[in-house]
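J.: Now for the letters of each chain:
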Amino acid sequence: MVVSATVGPPASTDQIWHWLGEVSDPEIPVISVTDLGIIRAVEWQGDECVITITPTYSGCPAMDVIAEEITKVLHSHGINLPSIVYQLSPAWSTDWMTEAGKRKLSGYGIAPPQQQVVDISSIQRYREVQPAIACPQCGSVDTQLVSQFGSTACKALYKCRACLEPFDYFKPH
Amino acid sequence: MSEDMLNHKFDYVLRLADNVMVLSQRLSQWCGKGPALEEDMALTNVALDLIGQARLWYSYAAELEGKGRTEDDLAFLRDAHDFHNFLLLEQPNGTYADTLMRQFLFDTWHYQYLQALKQSTDQQIAAIAEKSLKEVTYHLRRSSDLVVRLGDGTELSRKMMQTALEELWPFTGEMFIDDEIDVAMQAAGISPLSSALKVAWDTHLADVMHAATLRLPDANSWMQKGGKQGVHTEHMGYLLAEMQFLQRAYPGAQW
Numbered sequence: 002m003v004v005s006a007t008v009g010p011p012a013s014t015d016q017i018w019h020w021l022g023e024v025s026d027p028e029i030p031v032i033s034v035t036d037l038g039i040i041r042a043v044e045w046q047g048d049e050c051v052i053t054i055t056p057t058y059s060g061c062p063a064m065d066v067i068a069e070e071i072t073k074v075l076h077s078h079g080i081n082l083p084s085i086v087y088q089l090s091p092a093w094s095t096d097w098m099t100e101a102g103k104r105k106l107s108g109y110g111i112a113p114p115q116q117q118v119v120d121i122s123s124i125q126r127y128r129e130v131q132p133a134i135a136c137p138q139c140g141s142v143d144t145q146l147v148s149q150f151g152s153t154a155c156k157a158l159y160k161c162r163a164c165l166e167p168f169d170y171f172k173p174h
Numbered sequence: 020m021s022e023d024m025l026n027h028k029f030d031y032v033l034r035l036a037d038n039v040m041v042l043s044q045r046l047s048q049w050c051g052k053g054p055a056l057e058e059d060m061a062l063t064n065v066a067l068d069l070i071g072q073a074r075l076w077y078s079y080a081a082e083l084e085g086k087g088r089t090e091d092d093l094a095f096l097r098d099a100h101d102f103h104n105f106l107l108l109e110q111p112n113g114t115y116a117d118t119l120m121r122q123f124l125f126d127t128w129h130y131q132y133l134q135a136l137k138q139s140t141d142q143q144i145a146a147i148a149e150k151s152l153k154e155v156t157y158h159l160r161r162s163s164d165l166v167v168r169l170g171d172g173t174e175l176s177r178k179m180m181q182t183a184l185e186e187l188w189p190f191t192g193e194m195f196i197d198d199e200i201d202v203a204m205q206a207a208g209i210s211p212l213s214s215a216l217k218v219a220w221d222t223h224l225a226d227v228m229h230a231a232t233l234r235l236p237d238a239n240s241w242m243q244k245g246g247k248q249g250v251h252t253e254h255m256g257y258l259l260a261e262m263q264f265l266q267r268a269y270p271g272a273q274w
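Protein sequence lines, in the order shown, are assigned to chains A and B. For the first sequence, position 32 (counting from the first letter as 1) is numbered 33 according to this note's numbering, and the numbering increases by one without interruption. For the second sequence, position 105 (counting from the first letter as 1) is numbered 124 according to this note's numbering, and the numbering increases by one without interruption.
Check before you lean on any hint, since a few could be wrong.
Derived pair list, reagent style EDC-like, types lysine to aspartate or glutamate, alpha-carbon separation capped at 20 Å [said to hold, decoys possible]:
#1 K103(A) <-> E44(A)
#2 K217(B) <-> D237(B)
#3 K217(B) <-> E253(B)
#4 K160(A) <-> D237(B)
#5 K160(A) <-> E84(B)
#6 K178(B) <-> E193(B)
#7 K52(B) <-> D23(B)
#8 K244(B) <-> E193(B)
#9 K160(A) <-> E193(B)
#10 K160(A) <-> E185(B)
#11 K73(A) <-> E44(A)
#12 K244(B) <-> D164(B)
The hints are simulated quantities; they were obtained by calculation from the structure and are not laboratory data.
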């Protein structure tokens, strides 16, 4: 049996994944960064804990806050040298969002993105028919797109024709 | 990489950055003034995507240059002749029809160009293109849709869209002119030739204009050029004066 003379990492990567599951999206506090699917990797490189994240939208102001929050949470668990690495490719997709994350979105009043491999060529056409999006309030699919762009970069604005409530739709991306 | 090649690549990435930076600045001027709340939000969302993309391009340009300049230095501390964006993008916002038509003409180019750029042999360029393309797909879908709705709309909206198209048309030519940098980048597998995008651009444009009942201007009419070489229209200085004021007045100021 080999006994290492050096002290091992202060936490396993599994444990760190678990902690990251408690870091919320600042704009949508019901879902965590792991629900969003933006954490690509957690690894120890010597004494340094490297967290690789994929930005959602290029200009999303929440990304800076998320990086700060991750650093803060890891510090609070005694990890002194966290470092955040941004990875652009493969580009983040809503397909990476967890099922639990989607349920939480729905419960929060935001229609979750429809599961799809985002085929860019199929959504460029202006005449493409929009898929039916269920209203997160009443469940009706008699809904209407008001604007491709909503209260944040990741959402579109919809209106329900059954209950007449407006709602956000997390765009497939 | 030879020094010439590195300089060309730096200039090339700056062009990509300047295009999205300048259009983002123009769009942000609509903030709080959009013709409807949804349109105001859409314009500022697009501006936000574009500034995010500009940051990625400027950061990469700064890294290629390797002289210690940052993304902010490149955006805020260069003068008009050092900006190499298309003339189309610095044109004033005008009416909402003008803004929308400018957006549509650029989105169509941007979408096609990023599609090609995803194949770049430069991994960082390909990654930024892949990321940007997802956002630009939504931009193009929205601007195509609105051009159709307003073109094939009321008599007044149709007239305004037609006028906007004719006034912006002379600024579309330079998007497809190859220069020394384009040729060098294409030879290195880094980018497509600008001229190679023309057919796909024409096709989408003709399709949307037909649905919008708008008349395409003469393809052989006289075209403006110079933006890619830093020779700008009279509007550019004013745009930069506003955009760069803070850094010029209070050098080094930070949030």
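J.: Please go over all the hints and tell whether each is borne out by the structure.
T.: Results of checking the hints against the structure:
no. : hint                : verdict
1   : K103(A) <-> E44(A)  : violated, 27 Å
2   : K217(B) <-> D237(B) : holds, 15 Å
3   : K217(B) <-> E253(B) : violated, 27 Å
4   : K160(A) <-> D237(B) : violated, 41 Å
5   : K160(A) <-> E84(B)  : violated, 49 Å
6   : K178(B) <-> E193(B) : violated, 26 Å
7   : K52(B) <-> D23(B)   : violated, 45 Å
8   : K244(B) <-> E193(B) : holds, 5 Å
9   : K160(A) <-> E193(B) : violated, 41 Å
10  : K160(A) <-> E185(B) : violated, 36 Å
11  : K73(A) <-> E44(A)   : holds, 17 Å
12  : K244(B) <-> D164(B) : violated, 28 Å
The structure fails to meet hints 1, 3, 4, 5, 6, 7, 9, 10, 12 from the earlier list, while all remaining hints are met.
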